[in-house]
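Residue numbers (my numbering), protein chains in the order written: chain A, 26 to 145; chain B, 250 to 361.
One or more hints might be untrue.
[Unchecked claim] The calculated lysine-lysine pairs, modelled on DSBU-like cross-linking and capped at a C-alpha distance of 30 Å, are:
1) A:Lys47 to B:Lys285
2) B:Lys268 to A:Lys74
3) B:Lys301 to B:Lys267
4) A:Lys47 to B:Lys289
5) B:Lys267 to B:Lys289
6) B:Lys301 to B:Lys271
7) B:Lys271 to A:Lys94
8) B:Lys271 to A:Lys74
9) A:Lys83 to A:Lys94
10) B:Lys285 to B:Lys301
11) B:Lys267 to A:Lys74
12) A:Lys132 to B:Lys285
13) A:Lys132 to A:Lys83
14) A:Lys83 to B:Lys290
15) A:Lys83 to B:Lys301
16) B:Lys301 to A:Lys74
17) A:Lys47 to A:Lys132
18) B:Lys289 to A:Lys102
19) A:Lys94 to B:Lys290
20) A:Lys74 to B:Lys290
21) A:Lys94 to B:Lys268
22) B:Lys290 to A:Lys47
23) B:Lys268 to A:Lys132
24) A:Lys94 to B:Lys289
25) B:Lys268 to A:Lys83
26) B:Lys268 to B:Lys289
27) B:Lys290 to B:Lys268
28) A:Lys102 to B:Lys271
29) B:Lys267 to A:Lys83
30) B:Lys271 to B:Lys289
31) A:Lys102 to B:Lys290
32) B:Lys301 to A:Lys132
Quick caveat, the hints were computed from the structure, so don't treat them as lab data. This structure is a prediction, so every number in the text was calculated from the model and none was measured.
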Amino acid sequence: AQSVAQPEDQVNVAEGNPLTVKCTYSVSGNPYLFWYVQYPNRGLQFLLKYITGDNLVKGSYGFEAEFNKSQTSFHLKKPSALVSDSALYFCAVRDTSHPVSNFGNEKLTFGTGTRLTIIP
Amino acid sequence: ETGVTQTPRHLVMGMTNKKSLKCEQHLGHNAMYWYKQSAKKPLELMFVYNFKEQTENNSVPSRFSPECPNSSHLFLHLHTLQPEDSALYLCASSRTGGFSAFFGQGTRLTVV
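Pulled out of the complex, with its shape left as it was, chain B reads as follows:
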């Protein structure tokens, strides 16, 4: 266990559904991240939050909407997704000067 927990572990949703992914860490980290992992592609950084403020959005489509209510929790709200959005979504966290990010186990998302 890395201290970063993601729920659910698996999610199947239709293209018209609305769902949310949750990430939680109690490591005292101040930065949290969403990554997308697709087969045979590099991990894609989607969003970065520092002290609840979004500091990076890597041209992610608006059908992905992040929310960070506090430094310990991060959500990814999903709506009207496409089949190509099927992937493993990884949450990570890090602390100031720590250099190393801790990852959750990921949510395997399938869009049908």
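Next up, chain A with everything else stripped away, as it sits in the complex:
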């Protein structure tokens, strides 16, 4: 079975400081990893993904994430936080050992989310 853990329910960061939102995963095969962001009263928006290749993945709004296979982690980072980054962040994983139909549907498993608050 695949699973995702986001160990922090809440992360507070001062504006302008670097931020990190943590995510660890568990899969039986190789993972596809994703970060989504949810602003108040909105659905989830895709931020970035790791499929293969470079361990450092760059995404939308200046965010990046580093895939670390030995630590089974995929932490989300940003060098300088903005107040507008305040939102709920979800990490998700798909185990590539799961059978994939020809239709390519996403059997994503999500974490419980981390609420990021950027303090002015």
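We have chain A already, so just place chain B on it with the hints.
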């Protein structure tokens, strides 16, 4: 806007009511999904449709009944719900090999 539209945005219903949630996408995606988002719990995948065919039902109670008349539309029919069914219901879609799912804004459901 992600291209996935859900209506209504908010719904309050009694336990004996029957209502439906609607999801629509014109992104050319062939897969559509219903997720349930409850406070402090992971997103729960409820149903998956590929080319209008249901390919997954994650042990969802029969009081939730999905319908996918075509690849662009997905419904979730609700009847005799319980207060614990109150949650944000999210629709998503994806395309073959795209790896990324696009989500709607959700329907905030309150069962009274």
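Right, here's what the structure says about each hint:
| no. | hint | in the structure |
| --- | --- | --- |
| 1 | A:Lys47 to B:Lys285 | holds, 23 Å |
| 2 | B:Lys268 to A:Lys74 | violated, 36 Å |
| 3 | B:Lys301 to B:Lys267 | holds, 23 Å |
| 4 | A:Lys47 to B:Lys289 | holds, 16 Å |
| 5 | B:Lys267 to B:Lys289 | holds, 27 Å |
| 6 | B:Lys301 to B:Lys271 | holds, 15 Å |
| 7 | B:Lys271 to A:Lys94 | violated, 40 Å |
| 8 | B:Lys271 to A:Lys74 | holds, 28 Å |
| 9 | A:Lys83 to A:Lys94 | holds, 17 Å |
| 10 | B:Lys285 to B:Lys301 | holds, 20 Å |
| 11 | B:Lys267 to A:Lys74 | violated, 39 Å |
| 12 | A:Lys132 to B:Lys285 | holds, 14 Å |
| 13 | A:Lys132 to A:Lys83 | holds, 23 Å |
| 14 | A:Lys83 to B:Lys290 | holds, 27 Å |
| 15 | A:Lys83 to B:Lys301 | violated, 34 Å |
| 16 | B:Lys301 to A:Lys74 | holds, 27 Å |
| 17 | A:Lys47 to A:Lys132 | holds, 21 Å |
| 18 | B:Lys289 to A:Lys102 | holds, 22 Å |
| 19 | A:Lys94 to B:Lys290 | holds, 26 Å |
| 20 | A:Lys74 to B:Lys290 | holds, 22 Å |
| 21 | A:Lys94 to B:Lys268 | violated, 45 Å |
| 22 | B:Lys290 to A:Lys47 | holds, 17 Å |
| 23 | B:Lys268 to A:Lys132 | holds, 27 Å |
| 24 | A:Lys94 to B:Lys289 | holds, 27 Å |
| 25 | B:Lys268 to A:Lys83 | violated, 42 Å |
| 26 | B:Lys268 to B:Lys289 | holds, 26 Å |
| 27 | B:Lys290 to B:Lys268 | holds, 25 Å |
| 28 | A:Lys102 to B:Lys271 | violated, 35 Å |
| 29 | B:Lys267 to A:Lys83 | violated, 45 Å |
| 30 | B:Lys271 to B:Lys289 | holds, 25 Å |
| 31 | A:Lys102 to B:Lys290 | holds, 23 Å |
| 32 | B:Lys301 to A:Lys132 | holds, 17 Å |
Of the hints listed earlier, those the structure fails to meet are numbers 2, 7, 11, 15, 21, 25, 28 and 29, in rising order.
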